[in-house]
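Peer 1: Given the coordinates of chain S, assemble chain H onto it according to the supplied hints.
As given, the protein sequences belong to chains S and H, one line each in that order.
Residue 19 is where the first sequence starts when you use my numbering, and the numbers rise one by one after that.
Residue 2 is where the second sequence starts when you use my numbering, and the numbers rise one by one after that.
In short, the hints are calculated from the structure, not lab data.
One should not assume that every hint holds.
Said to hold, decoys possible - Straight-line alpha carbon distances no greater than 30 Å define the calculated DSSO-like cross-link-like pairs of lysine-lysine that follow:
1. 352/S x 267/H
2. 103/S x 48/H
3. 152/H x 432/S
4. 352/S x 260/H
5. 211/H x 212/S
6. 92/H x 47/H
7. 12/H x 102/S
8. 231/H x 267/H
9. 102/S x 46/H
10. 103/S x 46/H
11. 352/S x 211/H
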Amino acid sequence: MNAYVLKGGHVYDPLNNIDGEKMDIYIAGGKIVEEPPKGAKVIDVSGKVVMPGGICIHSHIAGGKVNSGRMLRPEDHRRDNIPKKGQLRSGVGYTVPTTFVTGYRFAAMGYTTVFEPAVPPLKARHTHEEFQDTPILDHGGFVLTGNNWFVLNYVKNNEMDKLAAFIAWLLWATKCYAVKIVNPGGVESWGWGKNVNGLDDKVPYFDVTPREIVTALSYVNEKLGLPHTIHVHGNNLGQPGNYEITLETMEAVREIKASKGRRSVLHFTHIQFNAYAGTSWKDFASGAQEIANYVNKHDHVTIDIGQVIFGDATTMTADGPWEFALRQITRGNKWVNSDVELETGSGIVPYVFRRTVPVNAVQWAIGLELMLSVNDLYKVCLTTDHPNGGPFYFYPKIISWLVSRKARNEELEKVHKAAIEKTTLKDLDKEYNLYEVAIVTRAAQAKILGLKDRGHLGPGAKGDVAVYDIDPTKVNLSSSPELVEKAFSAAAYTFKDGEIVVKDGEVIATPQGSTIWVKVKKLEEMMPLIEEDLKEMWKHYTISLNNYPVQMEYLPKSEMVEV
Amino acid sequence: MGKVELTPIEKPHIPIEAEVISPDIFAGKSLEEIGDLEVWRGNRKKKLKEVFKISGDAGKTPGETTIIVNGDASFIKRIGQGMTAGEILIKGNVGMHVGAEMRGGKIVVEGNADHWAGAGMKAGILHIKGNAGNYLGGNYRGDIGMSALQKGVYGTIIVEGNAGDEVGAWMADGKIIIKGNVGAFAGVHMSGGNIIVYGDAAERVGGEMKGGTIVIMGQLSELLPSFEYKGEVNEVSIDGEKMLGPFLTFVGDLAEDGKGTLYLLKEKNAHLI
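Pulled out of the complex, with its shape left as it was, chain S reads as follows (with noise of 0.2 Å):
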């Protein structure tokens, strides 16, 4: 392993509190050591920017809705074709990139670890293999629990310790990180041709309703201690005055008491498009600023965004009636739904974002104002929920709208005029500087998923570091956002473990990323109770039991967190 010296560059490293100091990084063994290693590279960075490496919380890069997508969009890929490159593979974009492409296209950022938020429980075999095929970005899963049988039996008899050791189990046989929730109880309602609309809508049959399923699954969470806490892919998604439901489902949780080491219950993700104020598609407007009230109030939620980017998109999620909404939305668009037995559902429409469209202009401004307005960065991330609001290598182009209020303008200028009359993004003047945007592109984000060991510049924390080229002592950010946009596009290093992976730009080294997941100590203490219902349930499923939980062969890099 090689050891190297960075050297004189502006380090931002929030979790830190190092803001722009011009200092040494030392990185030996695959590790950020404190001391500088005998016979270590030295590398000139003075000029330039280091920050650890970046982590996206939540990007669909990974599984089989994301392949389903990929066979959706023949035309999506001719228009972005990566060749062969030296040891690169050749691969394709532009909305639903190959793995390998996902791989470069995030280091190339500077980006070193990828979450794919939304894993059925059944198709987590074919996440996993998916993320072995991604290069250099360490992965992780967060397998879906909204809808499952289990979980909702279990809600609905109130029977929180079977639930928790059932979570526990499902995050153990599927090896993913945290639990996720798309629409709870609405895509269950789906199978039944329904939806639910309020939180104490019932699911049919099961009889349970969104806030119950929220609430369990909250309070299990931080019972079992996981390091994060539930992702959350609100009701009512994509629907006009859907802010209501967003601030009711954050409310739920409130008394829910967090586990050690974090004050937050519920994650909220790709609020954007849970923002929503107006009764329908003609008086749709932003309902940013009650959400941003909301989070700045209170601690036990934080949220990314989904920022929108114009262009096309392609929209996958779990909540498959809402994807049937899009695609009568969207005239008869192709489409893709399907259920997953007793798990959960899912659903691909894919989507043109316009610049001429009214709502499409107030989604995207909608993303710019949570951003600007909620006031403690630590509880915000900065996502487009790739591929749904827009590609993720578009993150440059929205840290530049970040950090200067002229380029967020000359969009506006770009755009419907409903953005400027029913949002408040004009009169947001708030900029980020480059400690702000490595919070909520880093150091956010790694607290948020409670991991330790990444996100910053410790020592003891991962190799893992990007360098930019810009100066920040001698560019104003504000007046050039182009160039903020190049320095992030391509990072002039990224470092993983330890090694180089990016020089100007370029992937130079296609590591194997490890895979993060959570094992619960007890499990085996836990098993007793649910044992026999598992081979009741059993009964109903198209595979056998034994051959359900994902082995440790598909985890070549395994990074195993017991709580």
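Peer 2: For chain H alone, kept in the frame of chain S given last:
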């Protein structure tokens, strides 16, 4: 007006991908610059001057540029792909994808054109004096086929000879005129635009069509059962071009709740009702 002549030097065994042969790319370039343009031959790059003898000079703008391909270009693919203005004259056969995704200008092929000619075309004229292959004016996977650049501006394809299968697949707008016969599945998945066939058509015309018009002046071998007979009309007029009937009129494809129209010359198609 500038004119550039390309004469193929030899006929290679491996086809050449030459989307650079377009007035948009030639315009404003010297002969030397044109000769240095890169084309793919299999997995190797070649310069255009290694494939063609080049003479003449290009106009300043695409609209002022005419490209003449002298001789057999049946091994050269993608000529005029995506062009927006100007003219290309091919004095022989041409390879696949000629005029694909055209957005303006004119291409004349004096010989035959291979598959995918005019695929995804949005405006301009593609005139093929010989035969055309499959997927004439069709679509690339996942995309729609011929469509309009803007309202009222669409592409026209004229084929003097016969065309292959799936003519105008996924077509949304535009016009395809075929003087000879067409293969199976003409107008499959079509949602708008017009296809006029003066010769005979093979089976499954208009399968899953939702809109648009198909006129067949020859014999249709077999009609899909999901088209509904709507009676006779005496003449059909498309863009002012009148065709005298009487025609049998069918609407479909009902399997897709479609509202496309089929006009079949009664004289040749009495076997269908």
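Peer 1: Confirm or reject each hint.
Peer 2: Results of checking the hints against the structure:
1. Taking the CA atoms of residue 352/S and residue 267/H, the gap is near 37 Å; set against the 30 Å cutoff, the hint is violated.
2. Note on residue 103/S and residue 48/H: the hinted pairing holds, with a Cα-Cα distance of about 21 Å set against a maximum of 30 Å.
3. Distance check on the hinted pair: residue 152/H and residue 432/S sit about 23 Å apart at the alpha-carbon level, within 30 Å; holds.
4. As the CA atoms of residue 352/S and residue 260/H are separated by approximately 19 Å, the hinted pair is consistent with the 30 Å bound.
5. For a cut-off of 30 Å, the pair hint linking residue 211/H to residue 212/S stands: about 29 Å separates their Cα positions.
6. For a cut-off of 30 Å, the pair hint linking residue 92/H to residue 47/H stands: about 23 Å separates their Cα positions.
7. Between residue 12/H and residue 102/S the alpha-carbon distance is near 28 Å, which keeps this suggested pair within the 30 Å criterion.
8. At roughly 13 Å between alpha-carbon atoms, residue 231/H and residue 267/H fall within 30 Å of each other, so this suggested pair holds.
9. Between residue 102/S and residue 46/H, the direct Cα distance comes to roughly 14 Å. Compliance with the 30 Å bound is thereby established for this hinted pair.
10. With a CA separation close to 15 Å, the supplied pair residue 103/S and residue 46/H stays within the 30 Å bound.
11. With a C-alpha separation of about 14 Å, the suggested pair residue 352/S and residue 211/H falls inside the 30 Å cut-off, and the hint holds.
The structure shown violates just one earlier hint, number 1.
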